[in-house]
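K.L.:
Assemble chain E onto chain X, guided by the hints.
Residue numbers (my numbering), protein chains in the order written: chain X, 1 to 230; chain E, 1001 to 1830.
In short, the hints are calculated from the structure, not lab data. Watch out, some of these pointers could steer you wrong.
Chain E residues, not near chain X, derived (Cβ > 10 Å throughout) [as the list claims (entries may be wrong)]:
{"#": "1", "residue": "Pro1008"}
{"#": "2", "residue": "Asp1066"}
{"#": "3", "residue": "Ser1070"}
{"#": "4", "residue": "Leu1491"}
{"#": "5", "residue": "Thr1667"}
{"#": "6", "residue": "Ala1705"}
{"#": "7", "residue": "Ala1804"}
{"#": "8", "residue": "Leu1809"}
{"#": "9", "residue": "Arg1821"}
{"#": "10", "residue": "Asp1822"}
{"#": "11", "residue": "Lys1830"}
Derived pair list, reagent style EDC-like, types lysine to aspartate or glutamate, alpha-carbon separation capped at 20 Å [what the hints assert, rightly or not]:
{"#": "12", "chain 1": "X", "residue 1": "Lys171", "chain 2": "E", "residue 2": "Glu1519"}
{"#": "13", "chain 1": "X", "residue 1": "Lys143", "chain 2": "X", "residue 2": "Asp132"}
{"#": "14", "chain 1": "X", "residue 1": "Lys143", "chain 2": "E", "residue 2": "Asp1762"}
{"#": "15", "chain 1": "E", "residue 1": "Lys1632", "chain 2": "E", "residue 2": "Glu1708"}
{"#": "16", "chain 1": "X", "residue 1": "Lys171", "chain 2": "X", "residue 2": "Glu183"}
{"#": "17", "chain 1": "E", "residue 1": "Lys1632", "chain 2": "E", "residue 2": "Glu1599"}
Label-pair distances were calculated between CB atoms; the ranges are [what the hints assert, rightly or not]:
{"#": "18", "chain 1": "X", "residue 1": "Ala101", "chain 2": "E", "residue 2": "Ser1806", "range": "53 to 61 Å"}
{"#": "19", "chain 1": "X", "residue 1": "Leu86", "chain 2": "E", "residue 2": "Pro1537", "range": "24 to 32 Å"}
{"#": "20", "chain 1": "E", "residue 1": "Ala1817", "chain 2": "X", "residue 2": "Phe21", "range": "28 to 36 Å"}
{"#": "21", "chain 1": "E", "residue 1": "Ala1658", "chain 2": "X", "residue 2": "Ile193", "range": "39 to 47 Å"}
{"#": "22", "chain 1": "E", "residue 1": "Ser1551", "chain 2": "X", "residue 2": "Arg32", "range": "42 to 50 Å"}
{"#": "23", "chain 1": "X", "residue 1": "Ile195", "chain 2": "E", "residue 2": "Ser1551", "range": "21 to 29 Å"}
{"#": "24", "chain 1": "E", "residue 1": "Leu1698", "chain 2": "X", "residue 2": "Ala101", "range": "51 to 59 Å"}
{"#": "25", "chain 1": "E", "residue 1": "Ala1532", "chain 2": "X", "residue 2": "Ala93", "range": "34 to 42 Å"}
Glycine included, C-beta positions come from ideal geometry on N, C-alpha and C.
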Amino acid sequence: MIFQPDLITGVISFIFTLLIFSYLIGDNPLFRIAVYIFVGVSAGYVAAIALWQVIVPRLAYPLVFGSMNEKIFAAIPLLGSLFILLKVSSRMAGVARMTMAFLVGTGAAVIVAGAVMGTLIPQVGATINFFDLNAAVAVGISKGEAFGNGLVVLFGAIFSLVYFHFGASPKADGSMRRFGLIEIAAWVGRIFIGITLGAIFAGVYAAALTALIERIASIINFFSNLFGNF
Amino acid sequence: MADSIKCPVCGENNPAGQEFCQYCQSRLQPITGSLKSPDAPIRPGQAPTKKNTAELEPVLPQWLRDARDSSRNNEDEDVPQSSQKTGKTRPAAPAEDLLAGLQSQSSDGDEDEMPDWLASITGTAPTPKKNQAESSEARRVELGDKNDFAQEETSDEDTPSWLAGLTENKAQANEKDELTDWFRNADDFKPAEQPAKTPPADDTPDWLRRMATADEDTGKAQPPSFEASANDFPPPAPETPDWLRGIEDKAQSVDSAVFAESTAGESEAFDPLSSGELPAWLNDQAENAAKRAQDTTPKWLKNEEAGMPATGELPAWLSSSEDTVPLPPVSQKNADALGDLPDWLKASAPQTSIFEQPEETPAAEVEPAEASFDSPDWLNAFKDAETFASDEPAPALEKDIPFDAPPAFAGDSQASATDNLFTEMPDWLSSAMELPASSSPTPITNADAIAPGELPSWVQAMRPVDAPLPSPFSSFSSDQTLESRGALAGLQGVLPAAPGFTPTSKPKAYSIRLQATDEQQAHAALLEQILAAETAPVPIASYSSLILRASRGLRWFLFFVIFAAVTFGLSVGAPIFSMPLGVPREIGGALNVARSIPENAPVLVAMDYEASRVGEMEVAAAPFFDQMILLKHPRLTFISTNETGSVLTERFISGPLAGHNYENRITYLNLGYLPGGQLGIRAFSLNPRAASPLDMSLQPAWASAPLEGVATLSQFAALVLVTDSADAARVWIEQTESTRGEIPVVVISSAQAAPMIQPYFDSQQINGVVAGLYGGAVFEQNNAGRPGVARNYWDAYSLGMLLAMSLALGGGLWNLALGLRDRASAREAK
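The following block holds chain X by itself, in its conformation from the complex:
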């Protein structure tokens, strides 16, 4: 019997697949062993990637072989990293605030600007453009379909937002109920939200089913290859 690398990897994959499937009987040591190994391997791999693809080429190399400007630009993140490392000490944790403030502030600025310019405004514009029938016809969509899509998107957005309006006023019997029109709109919005969550669940199920199919296919291939070699 010749042990080929594909055979070894196939055996390991099969074993770990069974360990994960053991979760069907509940949380058990076999499942935990598999999870711990995955977590450890992933952490080690991430550390190696961070060392060889981040620290060495982006920090150590410019500091050693770079020009003066590169050294200066590399020294700044190095100093920030050292400050963050000081968070291990409760007394020196305050030193990292400057670096953390810079990271959080810069990150917030980038995120907010990107969300506004890349999602919020384009999505609002797209919702409005659903009623641009000529534009819809230009891309091959009939006016009726375009108008219907527009209405669904419009009411779906409105009703979904109304659903999250929880303002209520007390009634004569002491119960707290929302305004009638808002209550109806919230009920319609709940339908839209349900459909959306259903679609997402279907996608999650489809993704999980595809993963299951791939795993079963790999087991089948392993066994077929294994027995085929015999």
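P.N.:
The following block gives chain E in isolation, referenced to the frame of chain X:
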């Protein structure tokens, strides 16, 4: 300096530098003898020296002993009274002080009536009334500028520490040398025929020695002009005792030449042990003088013992303890009277009075000699100040004193000893105590004399030595704690600790009860109920042991059903379900992009998905890349914001795309991991070269073939996002919105992220979406019939989806049936 000086007495003009008026013989130069004499003012840092002279009391004259006794009796009374009067601290003289009685006596009487000679002895400050009565003009002529002395005091006060140390050394040197050498060189010159020189003290600094040597040279070059005048002095008066005459001869010879340069203590010429080195005539003179000093009482002292007031006959120099007192011209008669003074009394008198040889060399002539010194400027400044002090003219009386001419071979040390003899304690008194009475009289020398550098007694009396002022804080509080912080730092006892101190007022009681309205309390109670309900365990009837066992069985049932269906779908060789026929718009857009990019165009691919989604993502992405590579042979550049993206890229290249034989750095390039998350993506979109300069193998990325001609993000032909997360797709879309330009964007996503990515396609921010296995299957359908993995998975996927829909529908119906049954039961129960 003015060319002439106007005589304040006769008003005639005299040449500059002239010490006495040519017409009336009045003094023109100020008297500053005390500044250079041993009575010089105390220097900062110089400690006063105690003198224990009580043992010499038996040899005191009777009148001095009487004065001492009276002072002891009145000591306790007079001192506080005098202190209150003058407002100054006047410490009582020590009991053992020889001159204590004089001080007390002076303090008892009115200071205005105190004899001047007694004031000079006891150190009592001279009455300022006398100076104030003088005209300012005369003061200027005699004393120089008023501010000169004030400046000198100020300079002493402002002397820095380092200079104070130097001053101390100078004071120490004065103890040995009596005066600093250069201090005398300003106005004194040695005779050229001076036979012996006392070697400088070992402690004398080199610069002082050099200055002394230069002084000697100057003295040799300029022989004193007053030597001849000194020789012309008339013979001594007949009243002058022989012993005094002999000593005076020595003193005159020395004073006329130069002030001593060597210390009295180290002077070998005056050392009694080394007296054998002296010439014979000098030893004889000294011995005879000592005998006479003990055997013979001066005439004036006899008068004192007889009760005659001595003040009327005292010379004016005795009353001038300071140089601020101008000396009137003294006649020949007064000079004769001074001849009766014993040596020890002369020593108590200021040296610069009548016993100082008049200086005939003007100061202007001395200055060139001083300029030849290489002393630094700061030293010259001090030297100038002391030159002013040493330039004091000798009293006019000295001219009239019929002293003998000094011997030409008198040494400097001898002259120095003579100075000490005139300014300090009488040596014969010290010798009398040290030697037995029956011993032979010891020649008067200054070997045991107190060093002239020591403080005068009146200066010592002004310095608090033994009885410092009590601390003012000690009388107020016994707390000696020194505040070390706060505004009261450095103060002592200002905030005395008061143990046991308790406030007298009772603190006001404040209610800690929450002031809330009934409505607020009701809301708080409601919130409390909600929180309690969240944390309270709620038994679920459906999860009873029977139901739980049934649920576990249901889970096993579902697993086996799905597992069997999938296995069946994968195991069946023949297709069960047909591939999807239609092409959705989002997939159609992706197809257009794959087909519309230029040939061999650079395409940027972001591989942002987890390893657990490899099965789905590779199935969804493989058809797209297969078709694009097959049609356009693009140069692919992979980058990932996920740590595992780089290795998943290699797996993808070597797996589903292995048939295209893409090679690293030739047809594709793996830039690896892009750190920073959204910030990294933003940086890469702005400047790809700077954000990711190296590839996965740490080689320069942007010089490789896949990135040839690409410098910015907009220069790529297309942007393909392969991600299993809607957030990753959103971030890439958002951060590249303003930098990617018009390049097409295709998102290959997982099926779970497709619903969240679809709006970006509807808003035309992206050009196509390929989601999950379904999207891959559609792409394979439109990939020229090339076989793919999607087809292998399609039957199992279709069975699994069908089974899932059936179970979901069956479960919904089952729940509906259970609900209807419960409602019916409830209705029946009602």
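K.L.:
Next step is simple, just say for each hint if it's right about the structure.
P.N.:
Do the hints match the structure? See the list:
1. Its beta-carbon lying about 80 Å from the closest one in chain X, E/Pro1008 satisfies the requirement of being farther than 10 Å from that chain.
2. Listed as a non-interface residue, E/Asp1066 keeps its Cβ farther than 10 Å from every Cβ of chain X; the least gap is roughly 81 Å.
3. Here E/Ser1070 stays apart from chain X, with its beta-carbon at least about 77 Å from theirs, past the 10 Å limit.
4. Even its closest Cβ contact with chain X, about 34 Å, leaves E/Leu1491 beyond 10 Å, as expected for a residue assigned away from the interface.
5. Every CB of chain X lies more than 10 Å from the CB of E/Thr1667, the least distance being 22 Å, so the non-interface label holds.
6. Every Cβ of chain X is farther than 10 Å from the Cβ of E/Ala1705; the closest lies at roughly 20 Å, confirming the non-interface assignment.
7. Distance to chain X contradicts E/Ala1804 as a non-interface residue, since its nearest Cβ pair spans about 6 Å, not more than 10 Å.
8. A cut-off of 10 Å between C-beta atoms confirms that E/Leu1809 is not in contact with chain X; the least separation is 12 Å.
9. For E/Arg1821, the requirement that its beta carbon stay farther than 10 Å from each beta carbon of chain X is met, with the minimum near 24 Å.
10. No beta-carbon of chain X is positioned within 10 Å of the beta-carbon of E/Asp1822; the least distance is around 22 Å.
11. The non-interface label for E/Lys1830 is consistent with chain X: the shortest C-beta to C-beta separation is roughly 20 Å, beyond 10 Å.
12. Simply put, X/Lys171 and E/Glu1519 have alpha-carbon atoms about 17 Å apart, close enough for the 20 Å limit, and the pair holds.
13. Among the hinted pairs, X/Lys143 with X/Asp132 is consistent with the structure: their alpha-carbon atoms are about 9 Å apart, no more than 20 Å.
14. Taking the CA atoms of X/Lys143 and E/Asp1762, the gap is near 16 Å; set against the 20 Å cutoff, the hint holds.
15. Distance restraint check for E/Lys1632 and E/Glu1708: the Cα-Cα separation of roughly 17 Å lies within the 20 Å cut-off, and the hinted pair is therefore satisfied.
16. With a C-alpha separation of about 14 Å, the suggested pairing of X/Lys171 with X/Glu183 holds against the 20 Å cut-off.
17. Proposed proximity of E/Lys1632 and E/Glu1599 is supported: the alpha carbons are some 5 Å apart, at most 20 Å.
18. The beta-carbon spacing between X/Ala101 and E/Ser1806, approximately 55 Å, falls within the hinted interval of 53 to 61 Å.
19. A C-beta distance of roughly 43 Å is found between X/Leu86 and E/Pro1537, which places it outside the suggested range of 24 to 32 Å.
20. Evaluation of the 28 to 36 Å hint for E/Ala1817 and X/Phe21 yields a pass: the beta carbon distance comes to about 32 Å.
21. Distance hint check: the CB atoms of E/Ala1658 and X/Ile193 are about 44 Å apart, consistent with the given range 39 to 47 Å.
22. The given range of 42 to 50 Å is broken by E/Ser1551 and X/Arg32, whose C-beta atoms sit roughly 22 Å from each other.
23. The hinted range of 21 to 29 Å is satisfied by X/Ile195 and E/Ser1551, whose Cβ atoms lie roughly 27 Å apart.
24. As the Cβ distance of E/Leu1698 to X/Ala101 is approximately 32 Å, the hint placing it in 51 to 59 Å is violated.
25. Remark: the range hint 34 to 42 Å for E/Ala1532 to X/Ala93 is upheld by a beta-carbon distance near 36 Å.
When the structure is compared with the earlier hints, violations turn up for hints 7, 19, 22, 24 and for no others.
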